[in-house]
Each structure stands twice: as structure tokens, then as C-alpha cells.
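Student: Sequence:
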Amino acid sequence: TSNGLPNNIVSSVVEDDANNVWIGTGAGIYRISHSDLLKTLANPKIPIVCKLMSEAKTLPESATVFGGQHAVLAHDGELWFATSEGVMNVDTHQSEIVPSVFPVCIESVAFNGQPPVSLLRGGPWSSATATNPVPYQAPVDLRSLEVHFTALSFASPKEIYFRHRLEGFDPDWVDDAGVRSAHYGRLPSGHYRFLVAARNPDGNWQAGKPFEFIVPTHVYYQPWAILLYVLSAIAVVAGIVRMVSHRRLRSALARLEQQQVLERERMRIARDLHDEMGSKLTKISFLSEHAQVAPESTGPIGHKLESIAQTSRELLKTMDEIVWVVNPRNDTLENLVAYLSHYAVEYFQNTNIECEMHLPPEIPLHALSSEIRHNLFLTFEETLNNVLKHAAASKAKVEMTANSLEFQLTVTDNGKGFEAPALLAGGGASRGGRGGNGLRNMRQRLLAVGGKCLVASQPGVGTTVTLCIPLAKQNCK
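In this note's numbering, the protein residues as written are 173 to 649.
Honestly, the hints are just simulated from the structure, not real lab data. For glycine and all other residues, C-beta sits at the position ideal for the given N, C-alpha and C. Among the clues, some could well be false.
[What the hints assert, rightly or not] Here are the simulated distance ranges between beta carbons:
(1) 341 to 418: 47 to 57 Å
(2) 430 to 530: 22 to 32 Å
(3) 522 to 569: 16 to 26 Å
(4) 408 to 571: 56 to 66 Å
(5) 341 to 416: 26 to 36 Å
(6) 347 to 408: 17 to 27 Å
[Said to hold, decoys possible] Heads up, simulated BS3-like pairs for lysine-lysine below, C-alpha to C-alpha not over 30 Å straight-line:
(7) 476 to 381
(8) 588 to 561
(9) 476 to 561
(10) 569 to 476
(11) 229 to 330
(12) 330 to 381
(13) 229 to 211
(14) 588 to 567
(15) 567 to 624
(16) 588 to 569
(17) 217 to 229
(18) 211 to 223
(19) 624 to 588
(20) 624 to 569
Please model the entire structure based on the sequences and the hints provided.
Tutor: Shown next as C-alpha cells:
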């Protein structure tokens with residue numbers, strides 16, 4: 173059998189006129205064609221192809237072969253075999269019998285373990301009685317499917333081979349090893365077609381009529397339901413977006429209202445400072461200056477009156493600066509540039525220092541908080557004060573540049589200069605009047621609003637102070 177023989181015991185071997193070899197075994201009478209025999213003799217690895225010609229057994233039940241001739245080729249070309257049931261004659265001159273055609277039928281189907289539905293003629297649902305059968309409607313929730321099929325053959329019914337395929341589920345044919353039924357689990361919704369085919373050992377595949385059925389789609393998977401889900405999701409998302417946008421709008425309105433209240437309060441404070449304290453300080457300065465011209469205001473009293481007048485003038489100047497910072501109408505970059513340039517010109521007006529001013533040709537529209545304006549102004553004022561008191565300079569240049577990212581203010585003098593390595597490195601070393609707390613405070617004020625203060629100086633070549641504040645959400649370069 174390892175070489176292709178049907179049985180390990182061969183009782184007879186005979187050759188017909190066409191040089192085909194016939195063998196008798198306990199499994200029946202087989203024929204080996206001459207060409208197949210030559211292939212096997214040339215290459216022993218190729219198994220012998222044996223074709224079953226008859227199921228007549230040529231061995232007794234004891235499977236013991238006794239002496240004598242069990243097969244013979246007659247003079248007329250016919251073959252004679254001694255079988256366990258008598259003598260069998262084979263006429264090799266006649267053609268082989270064409271395998272019979274037999275019907276292949278699907279007997280029944282069962283859904284979800286329910287009683288089977290007959291598919292034979294006369295059953296509750298039969299494809300044989302309809303010219304164009306309508307696909308069977310399976311249950312929506314199809315959890316199991318069992319199909320039984322058969323083939324009506326009276327020649328050798330036990331040796332019929334079956335195969336089946338469920339189109340829409342099975343990728344290829346499935347061979348059935350002696351089982352005349354097919355089982356499936358849960359099937360998704362869709363259109364299916366069950367096919368079955370059968371054949372004899374030496375015959376061709378013969379197909380039966382297919383069984384078509386449809387597994388309906390669940391209600392919540394229907395197109396209208398999916399459309400409803402999509403519309404509901406869109407409505408929910410739109411509602412959430414609307415709710416979030418309304419909440420953000422209310423929050424923005426609340427912040428705007430709070431900002432307006434704060435600006436009104438700043439306006440009131442600025443107006444009160446200007447009207448109340450300004451008028452009183454102006455009155456004090458006027459009275460003290462008027463008292464100085466009186467004859468009795470000489471001596472120590474005159475010096476005191478001069479001190480009062482000077483103090484009142486300084487207070488008026490400081491109050492004007494505070495009013496400018498507090499007033500919300502000045503919260504723009506344009507007003508900042510205008511105020512700083514005007515302040516620098518007035519600061520050096522009655523001094524020996526010549527002030528050269530360079531303003532940007534275009535000033536972007538940008539809002540600045542009072543904190544940024546206040547810190548930048550104090551730093552700028554401290555820079556001008558250092559030029560006037562410590563630089564011993566004859567000329568100062570104030571240059572302002574602005575773009576969409578930053579505003580930069582540079583003050584350059586031609587004074588005596590100084591060394592400030594510790595300050596440039598981030599330290600606070602004191603070196604004379606210009607390297608002490610003043611420069612450190614300048615740097616800290618701008619750092620508090622995200623800006624930078626850079627000092628470049630060497631003895632004998634003057635000093636350059638660069639003040640930078642960011643206009644975008646990033647630090648100055």
C-alpha cells in the first residue's frame with residue numbers, strides 16, 4: 173500500500189492484450205494502465221495508480237492464498253478471475269461503462285437549533301418546485317446553521333464523496349469526510365448561497381441545486397438607522413460645540429465687563445489724581461514760589477520755601493507719570509512710543525547733553541498692559557538718569573524699533589563708560605554708581621514682564637543699554 177496498491181496481499185496478476193496489468197486483491201479487482209506502470213518502474217517514488225474495476229473479492233475471508241491460478245487471459249482476449257463468490261468474466265474489448273448520473277439534494281436546514289425545514293419536493297420550502305426560487309429569509313439573529321444533504325445513487329452509495337461551500341462565507345470548497353451535513357456558527361447579515369457537489373470514486377463532480385438564503389440586517393444596522401445615528405451624533409456635537417462656545421462667550425463677556433469696570437476705575441483714579449492732588453500740589457508750588465518774592469522770605473525761611481517749591485514740582489512730575497500709567501487710554505504701543513520720546517526730549521532739555529531721537533517709521537497696533545508700560549518707563553527713566561548723572565556724556569541717542577514680535581529701545585551715550593561683566597552674566601556686582609542696585613533693578617523689572625535689559629559698555633567708549641519687550645507670546649531674542 174505504501175507504493176499505491178490497494179492491499180498488501182495480491183492473489184492474482186494478469187496482463188491483457190493492451191499490456192494493462194490486472195490484479196486481484198481482497199479489496200476488489202483493480203487495473204493498472206501500461207503507461208502508469210512504466211512511470212512507476214522508471215521512478216519508484218511515483219506511486220502506482222490503481223483503478224477499481226470491480227468490488228468482487230478474490231481472497232477468502234482468511235486472507236490466505238492457496239496454490240493454483242486465480243486469473244487467466246483467454247485466447248479470445250477475455251479475462252477470467254476466480255473470486256470468493258464464483259468466476260467473473262471481463263470482456264476487455266468493450267468500452268467501459270460511463271458512470272451514472274445521480275441527483276444531489278439538500279435535504280433540510282435548521283436555524284438556531286430549531287426543527288429542520290425540509291427542502292425536498294413537497295416540503296414547506298422547496299427549491300425544486302419553483303422556477304426562480306425566492307431566497308429564504310433566515311432569522312435576524314442567526315447563531316447557528318445546520319444543513320443536511322445526500323445523493324441518490326444505487327451503484328455504490330457508500331463510496332460517494334461530498335463537498336460543500338457557503339458562498340459569502342467559505343473561501344473555497346470544503347471536503348466532507350463521510351459526513352453528509354455542514355454546520356456553521358453565527359453568520360453576519362448578508363446574502364448567502366449554499367452549494368453541494370458529489371461524485372463516485374472514478375466519476376466527476378455533480379452539483380445539486382443551491383440553497384439561497386438571506387440573513388436580514390438588524391434594525392439598528394439599517395441604512396436609515398445609521399443615518400439617524402449620524403444625524404444624532406452631529407446634533408450632539410453641534411450641541412456640545414454650541415454649549416462650549418456659549419460658555420466661552422459668557423466667560424469672555426464677563427472678562428470684558430470686568431476689564432471695563434477696571435478701566436473705569438483706572439480712569440476715575442487718574443482723574444482724581446489729576447484734579448484733586450494735581451490742583452493742590454500746583455497750589456502749594458504757586459504759594460511757595462509767591463512767598464519767595466516777599467521781603468520777609470530771606471534767610472533760612474527762603475531756603476525752606478525753595479525746598480517746598482522744588483519738592484512740589486517733583487511731586488507734580490511724578491504724579492503726571494503715575495496718571496499716564498494708570499490711564500487706560502494709553503495702553504497702546506503708539507502712545508508708549510510718543511510718551512517716551514517726549515519724555516526723553518524734555519529730560520535733556522535744560523542740560524548739556526544733546527539728545528538725538530530715532531523713531532520707527534511704522535508702529536504696529538498692539539495693546540500693552542499698564543504693568544508693561546510702567547516697568548518699561550521706570551527702566552527707561554533709570555537709563556536716562558544714569559546717562560545724566562554718571563556717564564559724563566555730551567551726546568545721547570535714543571532709538572526705537574518695533575515689529576510684530578518685539579519692541580526694542582536703545583539708549584547710547586558717548587560718555588566715559590564702565591565695565592559690567594557680572595551684570596551681563598546675570599549677577600548683581602556693584603561697580604560704582606552705575607553697576608549697583610540701579611542696573612540690577614532695571615534688569616529685574618523687564619524680566620518680570622518677559623523682557624530683557626542688555627548693557628554693553630567699555631571704559632572710554634560709552635555705554636549702550638538695550639531694552640526689549642515681547643509683543644508676541646515669546647521672549648525677546
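Student: Output the indices of the hints that this structure fails to meet, ascending.
Tutor: 2, 5, 6, 7 and 10
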